[in-house]
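*Asks:* The primary structure of each chain is shown beneath.
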Amino acid sequence: MRLSKDNVLTLFILSSSIVLVGYFIYVFIGWNVLISFSDWVGLTPRYNFVGFKQYIDLSNDPVFWSSLTNNLLLVLLFVPGSLILGLFLAILLDVVGTRGEGVFRTIFLLPFSLSFVITATLWSWMYDPSLGVLNTILNSFGLSFLKSGWITDPKVALYCVILALIWQFSGYTALIFSAGIKSIPETQIMAAKVDGASGFEIYTRIVLPQLKSWVLASFVILMVFALKAFDFIYVLTNGGPGYSTYVLGLMMFIYTFFATHFSYGAAIATILFVTVMLIVIPYVLRVRHR
Amino acid sequence: MNLRMKRNLIVVYALLIFFAFIYVLPFWTSFTTSLKSKRDIIYTIPIELPSSPTLDAFGEAFEAMKIPLLNSIIFTSLATVFSTVIGSLNGYILSKIRFKHSDVVFIFFTIGIFIPYQSVLIPLIMTMSKLGLYNNVLGLALTHTIYGIPVCTLFFRNFYEDLPDSIIMAAKVDGAGDWSIYKRIVLPLSAPSFVVAGVFQFTSIWNDFLFGVTLARGSEALPASVALANLKGTTTAFWNIQMAGAWLYALPVLVVFLLLGKYLVKGYLAGAVKG
Numbered sequence: 000m001r002l003s004k005d006n007v008l009t010l011f012i013l014s015s016s017i018v019l020v021g022y023f024i025y026v027f028i029g030w031n032v033l034i035s036f037s038d039w040v041g042l043t044p045r046y047n048f049v050g051f052k053q054y055i056d057l058s059n060d061p062v063f064w065s066s067l068t069n070n071l072l073l074v075l076l077f078v079p080g081s082l083i084l085g086l087f088l089a090i091l092l093d094v095v096g097t098r099g100e101g102v103f104r105t106i107f108l109l110p111f112s113l114s115f116v117i118t119a120t121l122w123s124w125m126y127d128p129s130l131g132v133l134n135t136i137l138n139s140f141g142l143s144f145l146k147s148g149w150i151t152d153p154k155v156a157l158y159c160v161i162l163a164l165i166w167q168f169s170g171y172t173a174l175i176f177s178a179g180i181k182s183i184p185e186t187q188i189m190a191a192k193v194d195g196a197s198g199f200e201i202y203t204r205i206v207l208p209q210l211k212s213w214v215l216a217s218f219v220i221l222m223v224f225a226l227k228a229f230d231f232i233y234v235l236t237n238g239g240p241g242y243s244t245y246v247l248g249l250m251m252f253i254y255t256f257f258a259t260h261f262s263y264g265a266a267i268a269t270i271l272f273v274t275v276m277l278i279v280i281p282y283v284l285r286v287r288h289r
Numbered sequence: 000m001n002l003r004m005k006r007n008l009i010v011v012y013a014l015l016i017f018f019a020f021i022y023v024l025p026f027w028t029s030f031t032t033s034l035k036s037k038r039d040i041i042y043t044i045p046i047e048l049p050s051s052p053t054l055d056a057f058g059e060a061f062e063a064m065k066i067p068l069l070n071s072i073i074f075t076s077l078a079t080v081f082s083t084v085i086g087s088l089n090g091y092i093l094s095k096i097r098f099k100h101s102d103v104v105f106i107f108f109t110i111g112i113f114i115p116y117q118s119v120l121i122p123l124i125m126t127m128s129k130l131g132l133y134n135n136v137l138g139l140a141l142t143h144t145i146y147g148i149p150v151c152t153l154f155f156r157n158f159y160e161d162l163p164d165s166i167i168m169a170a171k172v173d174g175a176g177d178w179s180i181y182k183r184i185v186l187p188l189s190a191p192s193f194v195v196a197g198v199f200q201f202t203s204i205w206n207d208f209l210f211g212v213t214l215a216r217g218s219e220a221l222p223a224s225v226a227l228a229n230l231k232g233t234t235t236a237f238w239n240i241q242m243a244g245a246w247l248y249a250l251p252v253l254v255v256f257l258l259l260g261k262y263l264v265k266g267y268l269a270g271a272v273k274g
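Chains Y and Z, in that order, give the protein sequences.
The first sequence begins at 0 in numbering that gives the first Met the number 0 and counts up one residue at a time.
The second sequence begins at 0 in numbering that gives the first Met the number 0 and counts up one residue at a time.
Keep in mind that the hints are not guaranteed to be accurate.
Far from chain Y by the CB rule (all over 10 angstroms, computed), these chain Z residues [as the list claims (entries may be wrong)]:
1. R38
2. G58
3. I92
4. P122
5. S224
To give an idea of the interface, some chain Z residues facing chain Y are shown, with a C-beta separation under 7 angstroms as derived from the structure [claimed, not checked]:
6. S101
7. G111
8. P115
9. G176
10. D177
11. N206
Hints in this document: simulated from the structure, not taken from any laboratory.
Here the structure is a predicted model, which means the values were calculated and not measured.
Every residue gets a Cβ at the ideal spot worked out from N, C-alpha and C, and that includes glycine.
Turn these sequences into a full structure, and let the hints steer you where they fit.
*Replies:* Below, the structure is given as structure tokens:
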């Protein structure tokens with residue numbers, strides 16, 4: 000390559016970004032793995048190599064297993080919940096079309112645009128057992144037998160978290176699916192109508208099969224979120240009551256920065272990283288080839 | 000429209016209104032509560048309007064959050080500007096200049112978008128303390144700029160891919176270099192892309208909690224997100240103050256959402272489909 004002034008500038012711009020991102024992401028990840036093989040506890044960094052000790056300790060730690068189980072429940076309930084509700088809302092919006100679609104879409108998308116700290120604050124009021132929204136509404140409709148401790152009840156707390164997260168994300172998945180529906184050529188729908196297909200058949204036979212790549216994109220985004228969830232749960236329940244709403248991202252944060260067990264936190268972070276990458280890398284490679 | 004279609008449409012509207020009600024409920028009860036006195040919170044139920052509305056809760060919440068709000072405004076603006084500008088430069092290189100391994104660089108950046116930040120948190124906090132940028136608004140600006148580079152690069156790469164190569168070829172034939180083409184042709188066409196990337200970055204940096212709570216805990220660099228969470232953690236801040244605080248912290252994003260929602264939606268979709 001002839002090093003003209005332009006080429007030097009190009010090289011400078013790109014290499015400084017690569018150095019910054021390379022250092023702050025890739026080197027840091029390696030560094031974190033290194034810490035996870037040490038026995039660093041307390042505020043002073045310590046790099047005594049102890050092999051897989053932290054990982055072995057984790058495998059014997061019931062908090063780790065309940066966090067992992069809760070992440071799994073997020074994957075099994077939050078991900079399909081947001082996909083199905085989003086798809087349902089997108090279809091409703093498509094039927095309505097120009098006769099009001101915009102207003103409803105704005106309402107459904109509002110929670111997604113706000114910080115998890117805000118939505119967690121709103122839902123802590125919804126779920127507050129004494130004065131909060133849900134219990135007082137149930138009371139005034141004479142349904143007080145349905146009242147619950149919500150996020151203060153270890154049996155239902157996680158489901159409260161999941162429900163609120165579906166509320167926050169389904170407007171977003173609805174947006175993605177709407178874009179998918181709009182990308183289907185009008186002529187295909189027309190042709191099906193001429194052939195006498197009902198509205199229901201048009202959606203199941205023509206629209207749904209063509210949303211595959213859109214479903215995949217939302218699926219990856221939701222999965223990654225379900226694995227690394229932290230802020231919302233930290234603010235709403237702080238993992239409680241007990242460990243009933245602990246997830247890996249939260250456990251990492253609490254063990255690292257409150258208990259100053261840095262090597263242990265680093266091991267959790269490494270596990271989290273590997274799990275997320277198992278989903279992301281195949282997806283990125285696939286998207287690149289599209 | 001025949002009778003059956005009309006009936007179906009009514010059912011669809013009813014469902015949409017039902018869901019809209021559920022979506023709005025947390026906002027509505029937060030709004031009514033933010034206008035209540037402590038007494039009203041106990042004697043009225045959350046969905047009711049206050050018997051005597053008051054802005055006292057907003058006053059108290061503002062007192063607790065004014066400096067954090069200012070901190071957030073500073074680092075969010077700085078990081079939004081820097082990350083979008085860097086993203087535009089990189090995006091231009093990856094889409095229009097191209098080179099031997101641009102494919103590898105593309106994957107290098109794309110994976111950076113998805114990594115769970117927990118896996119960089121400990122080295123990040125160590126590096127920032129070493130640089131003297133722990134508990135520092137500029138440290139947060141730097142952090143958000145760097146972690147914003149991957150997504151902004153991808154945004155602009157995709158925007159510029161859609162620019163026809165023919166305009167650039169024409170300028171090349173006239174003897175213009177890569178960067179004079181960028182300045183004269185590409186940059187003036189980038190205004191809408193800057194709005195999309197800028198709005199996306201502004202809201203996600205403003206909404207961040209994880210970097211804020213690790214890099215600026217309980218100090219003068221406190222971001223608004225952490226200040227609101229702290230408000231919730233204290234027993235002295237009753238529900239009305241928490242809700243007022245939530246609205247204060249939400250305000251800039253609400254303004255963006257209502258005025259520039261079209262661009263925000265484009266950012267959400269660009270983030271979803273291609274990377």
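*Asks:* Taking the shortest Cβ-to-Cβ distance between Z:G58 and chain Y, state whether it exceeds 10 angstroms.
*Replies:* For Z:G58, whose nearest Cβ neighbour in chain Y is about 18 angstroms away, the distance exceeds 10 angstroms, so it holds.
*Asks:* Next item in the hint list is Z:P115. Is there a CB on chain Y closer than 7 angstroms to its CB?
*Replies:* For Z:P115, the interface hint holds, since the closest Cβ of chain Y sits about 4 angstroms away, which is under 7 angstroms.
*Asks:* Could you check if Z:D177 really has its C-beta closer than 7 angstroms to a C-beta on chain Y?
*Replies:* holds (4 angstroms)
*Asks:* Beyond 10 angstroms on every Cβ pair: is that true for Z:I92 relative to chain Y?
*Replies:* The assertion about Z:I92 is violated, with a minimum of 5 angstroms to chain Y.
*Asks:* Quick one, is the Z:G176 hint okay against chain Y at 7 angstroms, beta carbons?
*Replies:* holds (4 angstroms)
*Asks:* Run the C-beta distances from Z:S224 to all of chain Y and say if the shortest one exceeds 10 angstroms.
*Replies:* violated (5 angstroms)
*Asks:* Just double-check Z:R38 for me: nearest Cβ-Cβ distance to chain Y has to come out over 10 angstroms.
*Replies:* Non-interface label on Z:R38 holds, nearest chain Y Cβ at 12 angstroms vs cutoff 10 angstroms.
*Asks:* The hint names Z:G111 as touching chain Y; please verify it with the least Cβ-Cβ distance against 7 angstroms.
*Replies:* holds (5 angstroms)
*Asks:* Regarding the hint that Z:S101 lies at the interface with chain Y, is the smallest CB-CB distance below 7 angstroms?
*Replies:* violated (9 angstroms)
*Asks:* Min Cβ distance, Z:N206 to chain Y: is it shorter than 7 angstroms?
*Replies:* holds (4 angstroms)
*Asks:* Holds or violated: is the Cβ of Z:P122 farther than 10 angstroms from all Cβ atoms of chain Y?
*Replies:* violated (4 angstroms)
Violation of the numbered hints given earlier is confined to hints 3, 4, 5, 6; the remaining hints are satisfied by the structure.
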